[in-house]
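Peer 1: Place chain G on chain H using the hints.
In the order they appear, the protein sequences are chains H and G.
Quick note on numbering: numbering that gives the first Met the number 0 labels position 58 of the first sequence as 57, and the sequence is numbered without any gaps.
Quick note on numbering: numbering that gives the first Met the number 0 labels position 79 of the second sequence as 78, and the sequence is numbered without any gaps.
Heads up, a few of these hints could be off.
Pairs involving identical chains hold if they fit within one copy or between any two copies, as the list cannot separate such chains.
Said to hold, decoys possible - Think about it this way: if two alpha-carbon atoms lie no more than 20 Å apart in a straight line, the pair counts; the simulated EDC-like pairs of lysine to aspartate or glutamate are:
{"id": "1", "residue 1": "8", "residue 2": "68"}
{"id": "2", "residue 1": "8", "residue 2": "69"}
{"id": "3", "residue 1": "158", "residue 2": "106"}
Keep in mind that the hints were calculated from the coordinates and are not lab data.
Protein chains: 2
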Amino acid sequence: MRTRPTILKTELLAASRYFQIEQLHLCFGNGQQRIYERLRGSDYQSVLIVAMPDPEHILLVREYAVGVEEHVLGLPKGGVEFGETALQAANRELSEEVGLRAERLTDLGQLSLAPGHLCHQCQVVLAEQLRPCLALGDEPEPIELVPVAWGELPRLVAKGELNESRALAALFLAQCAIAVGRG
Amino acid sequence: MRTRPTILKTELLAASRYFQIEQLHLCFGNGQQRIYERLRGSDYQSVLIVAMPDPEHILLVREYAVGVEEHVLGLPKGGVEFGETALQAANRELSEEVGLRAERLTDLGQLSLAPGHLCHQCQVVLAEQLRPCLALGDEPEPIELVPVAWGELPRLVAKGELNESRALAALFLAQCAIAVGRG
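Here chain H stands alone, though its shape is the one from the complex (with noise of 0.2 Å):
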């Protein structure tokens, strides 16, 4: 196990509502020092929910995503709400985003993004044993269901057509799970 660099010092350097930007000076194990920045979100947890109506089928989802300026494909996913559990969060995004609610929910792990640079990091929750649920969420528009085979995605992810990290992590990690019989 390596030793973690010392944290000489901790610097907000700029809030809005929702991101914090940190400057970090940093002393590592041989002496090297080195300044880094970093984004922490709001103490925000958010959960990502692969959800299969059937062993071979995943619900995708298409929005606009104003980072990219597009509506794209995803998962559906949300925040933790204060009081709830992540498994909790992600049956109430099921039914606001896609009229559904899962009996079975099994939690997959935690994911990361890109750790040298964001503190965020997201739950990913498998929901299976769907059924109809609708409830009102505040989303601007209308989320498009897309349902898609296990088999069609490499196709989809060759073409470009799915190209999140975070939801093709999340994939892998239900898969794995799967793989070896959901740890």
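Peer 2: Then chain G, alone, in the frame of chain H:
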């Protein structure tokens, strides 16, 4: 094809050396208005490298990530410097980080991270036919090289030892490219 929302206004809320926080006022096709924040990285292009010393293995690296304050497993990666192509950057980063150079490089496409919040996308490059070629980089400490068999990945992922979205997504991309014959 859905109508993209109209961006009514973009404001720079805060900026540091590496990050810019923007606020956007949007009007969706149905008249709904929303205010979103997003993060820009200062025109920084990056590459993520899936390096295969042979058809059965990939080269992971373990390095310190300040966002999660730990040494974490991921893929060799870095920034594209001025005047470089993504493929040239991949070979330079490979030689600096793991002392290797690829005779065969394949562009596997772009990955977004969290496109609802971040503008950043990274280029994924498959590197094969590797040979020794050590170059000096700017790493604060040597990067640990961790060769892994493709078949070991599900176990590593299920144990939570490899949980970086970008890396998992890039491995997924490589698997898909290999499955569909490199597009």
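Peer 1: Of the numbered hints stated previously, which ones are contradicted by the structure, given in increasing order?
Peer 2: Failing hints: none at all.
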